[in-house]
Amino acid sequence: MSSAEANPMRPYLGRLAGIEDIAAGIKLFQVEMTGPEGQAAFSEYKPGQFAFVSAFGAGEAPFGITSTPRRGSLVEFAIAALGHVTNTLHSLEVGDPVGVRGPLGNWFPMEEIKGRDIVILGGGIGGAPLRPVVHTILDNRVDYGHVTILWAARSPDLLVFTEEFDDWRATPDLDVHVTVDRGEEGWTGNVGLITQLLEQVNPSTENTVAITCGPPIMIHFAFLTLGKLGFNPEQSLTTLEARMHCGIGKCGRCNMGEKFVCTDGPVFWQSDIVGFLEGLL
Amino acid sequence: MKVTTLDALRSWLDTVVGEYDVVAPRDVDGHVLYRPVATSGEIVFSYERPELSVKDYLLPATEVLLRVEKRGGEVTVEENLADRGQVIFGVRPCDAHGPATIDALFLEQEPPDTYYSHHRARTVLIGMACPQLWEGCFCTSVGGAPDDATHLDVLLRRVDGGFAVDTVTEKGAKLIAGLCVEERDGAPDAPTTEGEAVPVMPPDAWRPLFGDNIWMRHGERCLSCRICTYVCPTCRCFDVADRVVEQGAGITRIERIRVWDACTSTNYRRAAGGHNSRPTKPVRLRNRSFCKFRYYPEDYGPLGCVGCGRCIVSCPVDIDITEVLQDVAERSGR
Ligand code: SF4
Ligand code: SF4
Ligand code: FES
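So the protein lines, in turn, are chains A and B.
Counting in my numbering, the first sequence runs from 12 upward without gaps.
Counting in my numbering, the second sequence runs from 2 upward without gaps.
By construction, these hints were calculated from the structure, which means they are not laboratory data.
None of these values were measured; they are calculated from a predicted model.
Among the hints, erroneous ones may be present.
Subject to a maximum C-alpha distance of 20 angstroms in a straight line, what follows is the list of computed EDC-like cross-link-like pairs (lysine to aspartate or glutamate) [stated by the list, open to error]:
{"id": "1", "chain 1": "A", "residue 1": "Lys270", "chain 2": "B", "residue 2": "Asp205"}
{"id": "2", "chain 1": "A", "residue 1": "Lys270", "chain 2": "B", "residue 2": "Asp104"}
{"id": "3", "chain 1": "A", "residue 1": "Lys270", "chain 2": "B", "residue 2": "Asp240"}
{"id": "4", "chain 1": "A", "residue 1": "Lys270", "chain 2": "B", "residue 2": "Asp30"}
{"id": "5", "chain 1": "A", "residue 1": "Lys125", "chain 2": "A", "residue 2": "Asp184"}
Same shape as in the complex, but just chain B:
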């Protein structure tokens, strides 16, 4: 195996920040979050699962799509696309499965999304394997693993005195060309994957459960706070709106933005005229669950859940997607 030391990793990262936008786990008032960093000193190398996924850096919570300028009757429209490369460091394996899931829709279904494609193309993902499953994690039940390198460009795994370095893609190899590594015998310890296996039924098993009382049982206490959707690495719903940023002297500057949206919100399906076709919490929870385990895999291939467990630990009323999955398995009698 190839091994690098923490010091070597730090000094390499300090060269990367000059050239790329670098995002890495940082301690923000006691919360570990993927955040932009200016030096390696800001990065934490020992952490559990960052509280939010990397979604914000590929499909930002708020993104300016177009800058529109109105001058009298004339309008000009400019696309807003970042021009620097981006490195996301310390990515947990499930957080690489997240974008891979969104790829199946935003890149592979025609027409590809211009902004997401652009962020994907400019981004390199450097992963950091988990030594174990954390609270709520069930990646191993949905095709992932704490040390899964799939969908990463480079995977780091902790070993005595440093990190084992696995280069996964060409893009990753290019980026880490300047990282000091030494060849060593042995292999990193396998992570412990203790934790309950969650049964995940295939999409067709869900079909007959649309009218089941599972949705009432779990959805009734939902607060429609939408946190499950915002913390989720695969939830991709968005809304589009205009905001006027400057107005005066015959010139109006407008930004067309897109913002995360949530099918779990009360007014998601409120139509012009006031009619709401998904008026209750249980039917909204049902849509979120069906989207992840039936519609998404049927329409685009991958499951819409990477097992990160964030929705479970974030839910203020303890709605637990693994309990939903248990019930679905029980009801479908397979």
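Isolated chain A (complex conformation):
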């Protein structure tokens, strides 16, 4: 028997079209969807959405999508080797089959925030889901005001998408500031926490939206600092990471109180999760 409706737990098949080392222990996987259904499903997805990637035999895990459909049909994921599924993914080669289930979740309201200045705070691999936000702004530059990108990592070798910085910096009315918690030999850039950098840069709050992403603890402190600079919770957006098993609100794993990261998010206005974030810390 087969199901009449599409089975949300069944992945579409894909093939690894490219694998790139982008930081220490972090690879960028480019997936070519091989069947018509998967191609249709991933012809339209939005910045901030996520998908489960299957390494068949090891399992599946959720990742923010780091590409935009406008820049090509390959679906990209930046993945750190941290567990069984991700280590297995890291052992795969170009041409190997994978499964992709999605796109899932909500997205950054790129339409709604048109015309506003934007501050982007990306920490470590947590910055990966913000790359489609940056690309969307770059590809529609006139739709957005001044853009400030603050990019951080624990150490220089953990900074992701550094090879795109030149491209970003060449964009009019856009600043990129980079910092690392710990420098290392040869590092001439900023050393310090992203929140310290944020205070230095001190972006104007007027008609501005702050967008952040990273581990819950970083988001927590980013919100605190943004608050200090005068940003109110209706001005700050974040995408949240959580452990997930279904992505469709059923498995229970990702709840924060009565909200679910997978179906109510992963993108939230700070004002919608006041009182909930603590549950993830």
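With the hints as your guide, set chain B with the ligands onto chain A.
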């Protein structure tokens, strides 16, 4: 009322086993459990509350979702869906409320769960009313009753010389078309519902109690054994994993399975990298309680508890959800 005799019921059940997967109360080494049966002779007709609910037959403890075959670089994926109908016989009323609770999330919230929908569609529930509340039962405090027919397809109630038969749904009527019944005067005795009424506060009364010491008081002695969650007819958390079932000669066969999970387990919220956002027993007990009485009703409608009392009688350190409910009522001062 329509009445059938035990003999008629047995011979009808023996025709059903040929056509359906039949699950019914069975005595397994002194424990009454809903289990698959091959003949009516295996079924017990007089029992209290089976020790486990019927959840295992609709949302199995371990279920193969997909069969994946890798041949060189080629992958094929098959869905695993049972093709026979299923009859669950002797279902206690609370055990029909259990699936109805899960329906509110697995069927009614988009997207519906393919596997659960499939099991629901292929299953007919034949209920058996309770004559009384058993140890720990409090169905009457959460919208149920020992003879409640809601959410069943057929309800049987014991009467002199047999069982009164109430047909509840079309599906039930179709299934029991071949059952011998006779019309009789009178009505079955009402069950006794003696037992303490448990106060159940509405979802909004729970909100201010998140930081209360209720959770420490009840949760501190928890062993994180998860039994409360596994015996619960409404707990639905699951995990998904792959297992390799065969490997060799260029072919790998893999099953993607889902297994019951429990928010009461130590590592439930351990993230990749090791961070645990629900690191203590009290906060895990709090989540389980809030899930049932605040989040579930707020998000999906029904309460997440049908009052079966199984978690109470199963808990090795006597954590009692009705005591939690008492405390919540007291603290909220309503
Ligand atoms: S909770 Fe109610 S319906 Fe369930 S076994 Fe007890 S008395 Fe019967
Ligand atoms: S919480 Fe306890 S009493 Fe309520 S339905 Fe679950 S097992 Fe039964
Ligand atoms: S990932 Fe399953 S409920 Fe959110």
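Going down the list of hints, with the structure as the test:
{"no.": "1", "hint": "Lys270(A) x Asp205(B)", "result": "holds (15 angstroms)"}
{"no.": "2", "hint": "Lys270(A) x Asp104(B)", "result": "holds (19 angstroms)"}
{"no.": "3", "hint": "Lys270(A) x Asp240(B)", "result": "holds (19 angstroms)"}
{"no.": "4", "hint": "Lys270(A) x Asp30(B)", "result": "violated (43 angstroms)"}
{"no.": "5", "hint": "Lys125(A) x Asp184(A)", "result": "holds (15 angstroms)"}
Of the numbered hints given earlier, the model fails hint 4 alone.
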